[in-house]
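Colleague: The lines below spell out each chain.
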Amino acid sequence: MLNPSSDELELISFEAGLEPVNVKPRFENPKADIDRDKSKNWFRRVLPILMANRWSFIMGITLMISTMMLGVSVPALIGKLVDSIEPTLTTGEISNFLFLVTVILIISFVRFIGGAIGSYQLGRVSNQLEADLRSVIYNHLFTLSFSFFDKTQTGQLISRANSDIKTIQMFLMIAPMLLTSLLSFAFAAVYMLSVHLTLALASMIAIPLVFILSVKLRRLTFPLSWLTQARQADVAVIVDENINGQRIVKSFAQELMQVNLLAIAAKKLQWVQVRSIDVSAFYNPLIENLSVLGSVLVWVYGGWLVIEGEIGLGALVAFTMYLMMIQMPFRFLGWMLMLEQRAKASAGRIFEILDETSEIKDKENKVEMEKLEGKISFNDVHFAYAEEPILKGLSFEVEPKETVAIVGQTGSGKSTIVRLLSRFYEADKGNISIDGVPVQDMGIRNLHYHIAQVLDEPFLFSVSIKDNIAYGRPDATMDEIIQAAKAAEAHDFINQTSDGYETVVGERGYTLSGGQRQRLGIARALLVDPSILILDDATSSIDVKIEAMIHKSLLKLLDKRTTILIAHRLSTISLADRVLVLDNGKIIASGTHEDLLRDEPRYSEILAQQSTTETPEEEQGEEESDEEYRKRISETLIKDPSEDEFKGGFDESGS
Amino acid sequence: MSQEANLPFAGIPPEMLDRTNALIEEEPDFSDIKVSFSHKNPSSRAFTLWAFLSPYKFRFLFALVLVAMTEMLLLVGPYLVQVAIDKAIMPKDFSVLTMVAMVWVGSLFLAVIVSGIRIRFLGRLGQLLMYDLRVRVFSHLQRLSIDFYTEEKAGRLLTRMTSDIEALSNLLQTGLVNLVAQLLALFFILILLFSFNLQLTLILLVFSAPIMFGFTVWFSKTSERGYQVVRNRIADVLADLQESLSGMRLVISFNRMKHNVINHRNIVGDYRDANHYTSKITATYRSGTQFITTATSLLIFTAGFFILKDVNPSLDPEGAFTVGSLVAFNVLVSRFFIPINELSGLYNEFQSGNAAVLKLRDLLDTEPSVKESENAFDLKDLKGDIRFNDVSFSYDDEIKVLKNISLHIEAGKTVSFVGPTGAGKSTVAKLICRFYDPTEGSLTLDNINLKDISLESLHSQLGIVPQEPFLFHGTIKDNILFAKPDATDKEVEDACKAVGIEEMIKRLPEGLETHCHERGSSLSSGERQLLALARAFLSKPRVLILDEATSNVDQQNEAKIERALDKLLEGRTAIIIAHRLATTRRADVIVVIDEQKIIEMGSHEELIQKKGSYFQMYETWEKQEEEKREEIL
Ligand SMILES: Nc1ncnc2c1ncn2[C@@H]1O[C@H](COP(=O)(O)OP(=O)(O)OP(=O)(O)O)[C@@H](O)[C@H]1O
Ligand SMILES: Nc1ncnc2c1ncn2[C@@H]1O[C@H](COP(=O)(O)OP(=O)(O)OP(=O)(O)O)[C@@H](O)[C@H]1O
Ligand SMILES: [Mg+2]
Ligand SMILES: [Mg+2]
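Protein sequence lines, in the order shown, are assigned to chains R and Z. Just so it is clear: in the first sequence, position 186 is 186 by the numbering used here, and no numbers are missing. Just so it is clear: in the second sequence, position 119 is 119 by the numbering used here, and no numbers are missing.
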């Protein structure tokens, strides 16, 4: 009724119907995945993604290296130019001078173009790599099981996806630069050594020192920056929780305590940042000025050599320019090593996500079912989230098109049952099958295509009402959306909101009342027109009148499908053909509400109802049982209205 | 809540782990830090960069002096190069050369010390300011009202406290000072250049400098725009990720993966393109400046060459301008460009720092919609007599949610609100808590206008269990203790017993110390509600408001809770909102709300006798049970 009818469905490809899509892909999928072999080092694991962009990379690196080689000749040529001034002045023959100027100009122009293109290409590669990594991680998240999300904080995942990927990108962008600058070091060194051995050696005297210092600096800063990151995360977590839980903070007047908590976290952050500042205040000026010491030596010792006539002034000029070139990579190197270490750590944290696999996977020869009868059977199912078993040998069957209610105490495992049916978690033991096919053999998407759930917590996205309803079928037409909303009795209130179906609901839908949120949740499930519908406490915040109306429209829909209701309210339970009583991990009874009320004392206990037959007498001790308590209260209320005197303690409203 | 769990230690190399642990050992214990908090905004001044910095102006002045010194020391080198060439190398004078060496090394030594001091001084000052700012912004967040949090996206608010404050911190610690430093450097270098050679300096200023300057301005502008786009795009990427993660159960059960994957890929692709753009201009600029620098050298050499040619050395034996001078001049020229290039980076830093200041100003200027009045006083020993005087309310000034509500709830009574969904029951509860102020009319508590009671005293005596139970990341105990951090273990136990979760807690591997995951996702929906109830029980409020606090709890447990409530509520006022009429019929007064109004009010029996709307509701409710029975019989 809401979905294209079954013969229309055949026109649409079934596969496509499994996963409706309503966006046009504008970019390609990542061409490669990371290497799944955990034993390899981090760089080799990322390599396949890098290799997917190898042409850009090769082009970039070739351009960088060749322009670098061109660049190395510039100081030598400028040295020549300087040395040519004196002779030219005396001879007046300026063509040689102008020739040199032109050559240098052309070389540096070529270097400009080549360098720009080369480093742009390398930048592209690292950006592409970053984007690919993001997509790879995002895609991977959907393959993970719920137990993974249970134990992982969203904030943590987001920070990994943000700063850790950035660290890797940064390293991969800088690494090729270091590579080329190391090469230029080699060329420059060769030139310098060939011109004057001792001057060359003297000029390099500060390099080992710089190197040692920067390695030392890296050792000190690594833990500092790591701790800084942790302390920043602490602050972020406190802020995040206070934003999300502000109602609770306010309602218990805990503002001062929270501000104190934050002050402590901020103080810790301040402390570690001051420590980092102290370290860099000591090392950075030292490293910087030590490299200048090389220049001092070159000018003074070189100057002396010029005076002695051993080298020309031009060579000295060239020397000082080369000095810059050779110091660069060493200043870089310390930083680079730190970046590498951080990138490695970041990669480790990203791999932690990517190496996570779910035991819940499609089988090779999965069964794809286009239509379901909707027969569900659980056979001796055992399940535990951790050690504590939740389901202990649970068995029941639901016939096609039957409506069944599951009743049980809070925390007895009702929601767990439906999670197992949808394979959010895998049963530890036992069989769960639909139409005789074990759920493990069905394609997961196929399974979810046929099952629609209204979860016990009505989560709405902060998008328009329309998009929220169409969440499961982004390709649905407006008519279908309205029909679903009508079936869930949501149409009327939606029309009363400021922008109707286009109204954007606030964070988590909090600009709607609880019952309104739940109705949108129901509409969302109805729109996908599933063969099996699960309503997990889906009407707990809806008043009886509206609930009755929803039930009426559901009744029309329910014949077509198998429905599992989870409920605590009698009004909801009464909708079911049959009630299953869950207690202590097992279904202890099944039958109609009446039968159960008569035959199953535990059922009446759970519902806190007076059973129609006599109550078991054992509980007559001192402690009043819950049913009796309720009975007593309602009796006093009903039989003795005058006694609880009510002295008009309110003004009549202006009705 | 427990912060240690958030250390990003996974993947840290073992040697570094030891060092980091050693570092943590050194961290002083800050746990006794106490700051003050008031609902009144302590400073009425607008938040501007100047207002923020002015208390520290002398310290910044001192920092500037240090900066000026460092910059001068940095220029000693190029100056000495000129001296070395002109006075030592050309005239072949060794003694000058040794002098040069000594002065130079001395200046380096000084530079190390001065810039060390500068970094420490400025860094500490900056961090102090950041600490103050963090506490200030966070305190203001606590002051803001609930409506603010419903409208603003959580992710966006978080960036105010994280990346915006960091952008400002960068601006303070490096940006502002560097800006001054580079301008000073430019100034000093120009003086030196002019003193060396007028003609060459003019050539430099006329030909090269405008090109370099223009190029830099172009780059600053475009890259700033480019980074702006990058920042927006990455925010989109993260928001999309955040949304997928928090709705993961829905994504999977509704087969939304493919749609989301394609959508995310598009968003990431846009982000990548924005990055490509900035990469392109950065690459152009980097190589470009190098080219301009070399070309300028050539220009200077050529011009210098012609100057030398004109100045016939035989006519000018003093040798005022020599090849040596030319070389020295050239060394200075390459230094001349450094500040210009640096300024472009600083420009961007300044832009983003300034943007952060504006955003923070907006936040700090936002007045809480629920304000504590000037002469608000602490209400001691609340009795719980609540009065609505002709109250109307609207969330958005358009659609009225409540119209002319008048109501008196006597102290010590239990009042229950019923009505269809969306009628405004939760809104009534929020008004009593003063999460919102009524649009018209007023509320009084113990005959005092709600607006005259200090928020702290109001909220500490009033407990609400909202319709959306929220649990913090932390242990179960942390969550219960939230309402009353100094409660004893016994009190916590009693609260657990009262709501009937003591058995569930016993079953858990670590008992009260068990972590309940984000938003309590590892608990069942009923258990989450029970925990929220236990929290309210612990605080023993004078007025207790339960907004569908047991809607997901089974009836047996609910009966148990009701009994505990009876005990707890002796002499206290209670407001109970529920759809299960079994829960409500015990209340002293039942208030029926529909269509923004109170349509009926009275005890259960009175309302039944009245055969009005409550009677109908009750009938439907009963009939659903009856119908079932009849059908079967
Ligand atoms: N993700 C999880 N990790 C660990 N334990 C869990 C998780 N989810 C639920 N549990 C525990 O398993 C038990 C059963 O939970 P379930 O949600 O199935 O209860 P329920 O019957 O639906 O209860 P309610 O009526 O309150 O919704 C509870 O004790 C709960 O604490
Ligand atoms: N923050 C908000 N911003 C705008 N409108 C709101 C906001 N909160 C609630 N509303 C609207 O105000 C009306 C009353 O909401 P309220 O939450 O008080 O209803 P309720 O009686 O508690 O319903 P329920 O039984 O479903 O919880 C609804 O129409 C709702 O959409
Ligand atoms: Mg549940
Ligand atoms: Mg409500």
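Hints are supplied without guarantee of correctness; some may be wrong.
Said to hold, decoys possible - Just the calculated beta-carbon pair ranges, DEER-fashion: (1) H517/Z / D428/R: 19 to 25 Å; (2) N495/R / S43/Z: 41 to 47 Å; (3) E440/Z / D492/R: 52 to 58 Å; (4) G612/Z / D428/R: 50 to 56 Å; (5) V190/R / E26/Z: 54 to 60 Å; (6) S392/Z / D355/R: 57 to 63 Å; (7) E26/Z / L183/R: 21 to 27 Å.
To be verified - Simulated pairs of lysine-lysine, DSBU-like, Cα-Cα distance not exceeding 35 Å: (8) K466/R / K597/Z; (9) K40/Z / K151/R; (10) K153/Z / K490/Z; (11) K375/R / K361/R; (12) K375/R / K153/Z; (13) K166/R / K611/Z; (14) K429/R / K506/Z; (15) K506/Z / K560/Z; (16) K258/Z / K166/R; (17) K371/Z / K400/Z; (18) K545/R / K477/Z; (19) K151/R / K153/Z; (20) K375/R / K552/R; (21) K611/Z / K267/R; (22) K392/R / K506/Z; (23) K153/Z / K267/R; (24) K477/Z / K429/R; (25) K267/R / K34/Z; (26) K545/R / K611/Z; (27) K567/Z / K545/R.
What the hints assert, rightly or not - If you want a taste of the chain Z side facing chain R, the calculated C-beta under 10 Å gives, among others: (28) F94; (29) I117; (30) T162; (31) E166; (32) F254; (33) V331; (34) D362; (35) D365; (36) S369; (37) D381; (38) V418; (39) P466; (40) S539.
It should be emphasised that the hints constitute simulated quantities derived from the structure, not laboratory data. Every residue gets a Cβ at the ideal spot worked out from N, C-alpha and C, and that includes glycine.
Colleague: Confirm or reject each hint.
Modeller: Against the structure, the hints:
no.: 1; hint: H517/Z / D428/R: 19 to 25 Å; result: 21 Å, holds
no.: 2; hint: N495/R / S43/Z: 41 to 47 Å; result: 46 Å, holds
no.: 3; hint: E440/Z / D492/R: 52 to 58 Å; result: 26 Å, violated
no.: 4; hint: G612/Z / D428/R: 50 to 56 Å; result: 54 Å, holds
no.: 5; hint: V190/R / E26/Z: 54 to 60 Å; result: 47 Å, violated
no.: 6; hint: S392/Z / D355/R: 57 to 63 Å; result: 58 Å, holds
no.: 7; hint: E26/Z / L183/R: 21 to 27 Å; result: 42 Å, violated
no.: 8; hint: K466/R / K597/Z; result: 29 Å, holds
no.: 9; hint: K40/Z / K151/R; result: 40 Å, violated
no.: 10; hint: K153/Z / K490/Z; result: 39 Å, violated
no.: 11; hint: K375/R / K361/R; result: 23 Å, holds
no.: 12; hint: K375/R / K153/Z; result: 43 Å, violated
no.: 13; hint: K166/R / K611/Z; result: 68 Å, violated
no.: 14; hint: K429/R / K506/Z; result: 25 Å, holds
no.: 15; hint: K506/Z / K560/Z; result: 18 Å, holds
no.: 16; hint: K258/Z / K166/R; result: 25 Å, holds
no.: 17; hint: K371/Z / K400/Z; result: 22 Å, holds
no.: 18; hint: K545/R / K477/Z; result: 39 Å, violated
no.: 19; hint: K151/R / K153/Z; result: 24 Å, holds
no.: 20; hint: K375/R / K552/R; result: 23 Å, holds
no.: 21; hint: K611/Z / K267/R; result: 64 Å, violated
no.: 22; hint: K392/R / K506/Z; result: 19 Å, holds
no.: 23; hint: K153/Z / K267/R; result: 27 Å, holds
no.: 24; hint: K477/Z / K429/R; result: 33 Å, holds
no.: 25; hint: K267/R / K34/Z; result: 11 Å, holds
no.: 26; hint: K545/R / K611/Z; result: 16 Å, holds
no.: 27; hint: K567/Z / K545/R; result: 32 Å, holds
no.: 28; hint: F94; result: 7 Å, holds
no.: 29; hint: I117; result: 8 Å, holds
no.: 30; hint: T162; result: 5 Å, holds
no.: 31; hint: E166; result: 8 Å, holds
no.: 32; hint: F254; result: 4 Å, holds
no.: 33; hint: V331; result: 7 Å, holds
no.: 34; hint: D362; result: 16 Å, violated
no.: 35; hint: D365; result: 19 Å, violated
no.: 36; hint: S369; result: 13 Å, violated
no.: 37; hint: D381; result: 16 Å, violated
no.: 38; hint: V418; result: 8 Å, holds
no.: 39; hint: P466; result: 5 Å, holds
no.: 40; hint: S539; result: 6 Å, holds
Hints 3, 5, 7, 9, 10, 12, 13, 18, 21, 34, 35, 36 and 37 from the list above are not met by this structure, while the remaining hints are.
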